[in-house]
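Here the structure of chain A is known, so what remains is to put chain B in place on it, guided by the hints.
Next come the chains, spelled out residue by residue.
There are 2 protein chains.
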Amino acid sequence: MKKSFLTFTLLLASYLLMANDGYKLWLQYYPLENPKSEYREILGNARVPGESPTLSIIKTELEIARSGFFGPATLQKDSNSPKLIIALKDTDPAINKNTTPEEMAVLGEEGYLIKKFSEAGQNKILITANSEIGLLYGTFKLLQTIQTGEQIPNTGLSNSPKIKHRVLNHWDNLDRSVERGYSGSSIWNWHRLPRHIDQQYLDYARANASLGINGVSVTNVNANALVLTPEYLAKAKALADAFRPYGIKLYLTARFSSPMEIGGLPTADPINAEVQAWWKEKTKEIYQYIPDFGGFLVKADSEGQPGPHNYGRTQAEGANVLADAVRPYGGIVMWRAFVYNEKTPDDRHKQGYNEFKKIDGEFRENVIVQVKNGAIDFQPREPFHPLFGAMPKTPLMMEFQITQEYLGHDTHLAFLAPMFEETLKSDTYANGKGSLVSKVIDGSLHKYPLTAMAGVANIGTDRNWTGHHFHQANWFAFGKLAWDPETRSADIAEEWLKLTFTTDKKFTEPIQKMMLASHEMVVNYMTPLGLHHIMARGHHYGPGPWVTGGGRDDWTATYYHKATEKGVGFDRTASGSDALGQYAPEIQKEWGNLKTAPEKFLLWFHHLPWDHRLANGNTLWDGIALHYQKGVEEAKANVAIWESMEAHVDAERFKHVLSFMKIQAEEAVWWRDACLLYFQQFSKMPLPDGVDKPEHDLDYYLNFNPKFVPGNG
Amino acid sequence: MKKSFLTFTLLLASYLLMANDGYKLWLQYYPLENPKSEYREILGNARVPGESPTLSIIKTELEIARSGFFGPATLQKDSNSPKLIIALKDTDPAINKNTTPEEMAVLGEEGYLIKKFSEAGQNKILITANSEIGLLYGTFKLLQTIQTGEQIPNTGLSNSPKIKHRVLNHWDNLDRSVERGYSGSSIWNWHRLPRHIDQQYLDYARANASLGINGVSVTNVNANALVLTPEYLAKAKALADAFRPYGIKLYLTARFSSPMEIGGLPTADPINAEVQAWWKEKTKEIYQYIPDFGGFLVKADSEGQPGPHNYGRTQAEGANVLADAVRPYGGIVMWRAFVYNEKTPDDRHKQGYNEFKKIDGEFRENVIVQVKNGAIDFQPREPFHPLFGAMPKTPLMMEFQITQEYLGHDTHLAFLAPMFEETLKSDTYANGKGSLVSKVIDGSLHKYPLTAMAGVANIGTDRNWTGHHFHQANWFAFGKLAWDPETRSADIAEEWLKLTFTTDKKFTEPIQKMMLASHEMVVNYMTPLGLHHIMARGHHYGPGPWVTGGGRDDWTATYYHKATEKGVGFDRTASGSDALGQYAPEIQKEWGNLKTAPEKFLLWFHHLPWDHRLANGNTLWDGIALHYQKGVEEAKANVAIWESMEAHVDAERFKHVLSFMKIQAEEAVWWRDACLLYFQQFSKMPLPDGVDKPEHDLDYYLNFNPKFVPGNG
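First to last, the sequence lines map onto chains A and B. So that you can map any letter, position 263 of the first sequence is 263 in full-length UniProt numbering, and since no number is skipped, the others follow by simple counting. So that you can map any letter, position 433 of the second sequence is 433 in full-length UniProt numbering, and since no number is skipped, the others follow by simple counting.
Bound conformation, chain A alone (with noise of 0.2 Å):
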């Protein structure tokens, strides 16, 4: 025992002193507060029955755990007499006898039960599954639990998806640029594939298995055709065929002028026998590559990108031409619901709703609609996209941006479960009261028989993969809410902060407080009260909202802000544009309603007078400049929370993350100081009492012009 805590003191010296550039994710397996814990013996003496490249995975992972937790030491694989089961039925006795049909049919296809049981007076743990994949994933569990020092249930842990396609979206460019993308460029090193396979992609598929997600989308949006030829479909093999034992499934982004890029045919109209024969004869060379291809992924008609518009096809007839050449392989299509004209014919915030809403029906039945959380375009705040409700003979998933595009690139830290939990708990009323934005994802509320979960990654190059150390907690919080869409924000954040860092709650409880009202404090400091789309051109890196002109009304500030001297806000009630009349009559009714429509959400759908008085009797003005103050002030704060954390976390972690909230706490004075004057000019109004005087004039921000601003590719 005084040997083995020895052994332990000098493991943990050892990790402290390690350098963590925290590549581990949260995987970080650190050793355990208690060495004497029971899963020492546990993890010790393993069964895990068979031969295959998940259950290797599986094996590997126990070793690297129990390595992590107590030491390094042989794992004894496949003791005689083993403590730690984890089999699928018929593989071992123990399961059969341990587990009852009804136990194993809940399961469903990726489930998994973790379960105690006592055998010749011993106290042993199984984990069981109708597939490898959920033994993965138990696997996972029990690591997790161990590590957070939860308890595994005398009743058992029994744990299945509420979602069946958990997809991350990388935006990432054939040549590693990626849109969007605030780390480094892509992980995918395309150049070196398909003869080099990196340990990256097989770290990248084993943080995902951890977390559930089981798709990946390798390729932006807005697409290269390149990628559908054989050059690359040999390249997409390699990374689906190292991705495949962790059960995670490749998506292409598909061209929809693909037949004529790379086709050679003079047009991509769906209605085309030609065209439709050439997408068959694609996706049957695809399978070939890849059997199990999970199928495509479209932006059309959106942005530049082509689509069915361009030959007076409806979304539907042109989703359904990829659809039909998927389906006898199993294979769906992700068809972004992001359509929008160039023209700006009418409120941005109506054209998705408007363009989907009457075809509802139309899609084929392997077709899923990818809509966005909101409506505009992954604004730091948006109310729920109205299109979710509304579409219920057609299988809606969300769209969630886990890259931080609006919400302060790599250095603001955000934890976005709060804003995720927000648009998910949010009532349709679509079939009545509690019909949850979640209950149509999970596909409960119109019995879809498709569900999926996207998010927009955030994963680069970065040593920690995701440039600010606590965005690896978005990604981490996107795999929990695809696996539930009910799992509450709070418990995310605890679980990922005591994989990550450690179980000590000196550190865990105030970080966690800080995690869960970081999302708050971003859009204070920069969209308060509804305000929407006032970042700068292009880039989107810091305020503009004096961005107006240059023939896209769309992506201008002053078109979603719209102040004069008379006031500020974007009128979508019935006087105006009527977004608010794609909701439900009961959010119309609230929203609607000054006295009852919330104040989050006030300026998104109502152009009010800067005198107008807020609830708490505060002029609007006033409300205005006291949330940005408000954000600034948490941003501030913040960095002193973080420095007082010094003793709990590793030094190359500690300065990593408080050189980001500095310059986090040095942003939001920019946003605050930078809207502040700008819409004072028509407020003509005083800074209220506890606002901070702007050090500079407008002049200095609107001149203000960061160069190469990553991203923007």
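If you are wondering where the hints come from, they were derived from the structure by calculation, not from laboratory data. One thing to keep in mind: the hints can contain errors.
For chains that are exact copies, the list does not tell them apart, and a pair is met inside one copy or across any two.
List time: in silico DSSO-like cross-link candidates among lysine-lysine, alpha-carbon distance up to 30 Å [unchecked claim]:
1) Lys249 with Lys662
2) Lys425 with Lys249
3) Lys513 with Lys636
4) Lys600 with Lys506
5) Lys24 with Lys662
6) Lys566 with Lys433
7) Lys284 with Lys343
8) Lys24 with Lys655
All values derive from a computational prediction rather than experimental measurement.
This is chain B only, laid out in the frame that chain A set:
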């Protein structure tokens, strides 16, 4: 003893189990073969008197190394009975007592002395120097000596650099693309600078310091004037501050037209008083940011870059205006000799010499002319540049290319020390026999007041820094040769292997042999017998002997190989371009005579019929073909050699290197088959026995068009 052995075993297991991504480079500090080593005690009882950033780096380095060699434990810093003393003169009595003024004097500013001594019956070690940087260099040397298992001689180990400025050149753009970079994007995240200093910047500086590299030019020679604006100078200052404690000075590339682009002047004519004043003012500003700014690196009048030619001025007139600006602050100007005319009025080989030879002596004393190793452009093999030895009154420095623009990019193992060594050992005969290029460079031949060596970095965001794990050895080799240009390649390879992998001779001996033969192997399968510049256009990836036309003769392959039915090769003797006339008479005689001309440069200087007889009796055609075949066979054999090394290398690096070596073997075949099929059109001779038949026809290779090849930015 037993307990410590147990700890050691555990750590060793931990080390072997751990994934090794190569980030630690040659600073692995893996457990020593002999855990009872006397160095356990010595490293555990160190005294490093004083406090400073550099001294703090020394203390940390001792801690990291001891923890790696022997397992974690707290280092007894400033022990009262120290066994290792690292101190400047007068800061510890042991230094003054055990060293002589003569010993100290020879060390110069950056040298170090490591010496054993005895005190109170105990064996001790001291490291001393005339500067803290010397102490740091000595510390690294001691730790490297311990890791490799070498001994400190009883007479002590005294060492100082032969070259004053040892500089890495990064061809990194401000958008993080890297021109001719094959290992990801630039490690400089300009967007996050100056507010975030990434740990990688410090790790980079530490790695450089461990080799004695003391300067870094962080921006591309194809320069962007923006880097001289206050916005970017603040960022550059942050890097300079990070590098300073590691003894590294920052240099910037200066775009010659900056006075116009960011200064608003109508001209950049170096004779213009306003231009001169602008550079003085700008330089003053730079030194306000960076008090020890190293100076400017300039590429002018080359490949589209602006320069003094635009105003009818000489290169000296151009360089001097910058030199005058930095001189008051102790800065220098590194002015590249890579100047050639886009109209190709003359053999490109001759243009640098013609441009610079005539202005020898016209440069300010703080200008050093940076000359590539050869006169064309970093070809797989080039004869030394004729400028070496030809400018006795102007300091010349060497520019080597560490990144493998023409040597297979990321995936081809080519250990470059032998190539560097071949150039450095070339005899210029400038002052008679023995006037080696190395003696030009170290200043001894012409008594240059300034000496320098530059290496174009191969560093990027790849997790192992350099793409190929073995390309770390080229960074290492550059550092070692910049410190002492007479270092032997074999010693460099051996030391690198021992520091990076293991001291086990079963590994180091065969792999050292493989490394030492690898450059010749690449020459064989790319450009044997003096062929050159026959790579693909633009990205330079793969073979392109057919490249012709396009408006710039000197960027084609046909211009250089001149293959016709009558023969092949570039006649640079008196009957041709007479580039050979730029060399010393002794060389002209030897290389101009087909009986004595080295075969490795044969087609570089001679145009010869296909049936010309080589020394071994083969026809030229057969010789070419057999060289290609030999290169291919070696590349294939290397795969097998590496496969047999699995037991000696961690799994991650083993697999990574293996897949790259397989790619290299495939691409060697590609080079051989494409080049032989192309040249066979002219030779009309059959492939000799022993040369494999090509898999495809010539059209296949002509039409092979790889997309998005890295480094072409």
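Verification of the supplied hints:
Taking the closest pair of Cα atoms, lysine 249 and lysine 662 come within 30 Å of each other only across two copies (27 Å); inside a single copy the shortest separation is 39 Å, beyond that limit. In this homomeric assembly, lysine 425 and lysine 249 come within 30 Å of each other (Cα to Cα) only inside a single copy, at 28 Å, whereas the closest approach across copies is 56 Å. In this assembly of identical chains, lysine 513 and lysine 636 lie within 30 Å of each other by CA distance solely inside one copy; the values are 15 Å within and 58 Å between copies. Neither within a single protomer nor between protomers do lysine 600 and lysine 506 lie at most 30 Å apart by alpha-carbon distance, with minima of 32 Å and 69 Å respectively.
Taking the shortest Cα distances, lysine 24 and lysine 662 sit within 30 Å of each other both inside one copy (24 Å) and across copies (29 Å). In this homomeric assembly, lysine 566 and lysine 433 never come within 30 Å of each other (Cα to Cα): the closest approach is 37 Å inside a single copy and 89 Å across copies. With identical chains, the CA atoms of lysine 284 and lysine 343 are never at most 30 Å apart, being 38 Å at best within one copy and 52 Å at best between copies. In the homo-oligomer, the alpha carbons of lysine 24 and lysine 655 lie at most 30 Å apart both inside one protomer (17 Å) and across protomers (20 Å), since each shortest distance falls under that limit.
Figure legend: structure checked against the earlier numbered hints; hints not met, in rising order: 4, 6 and 7.
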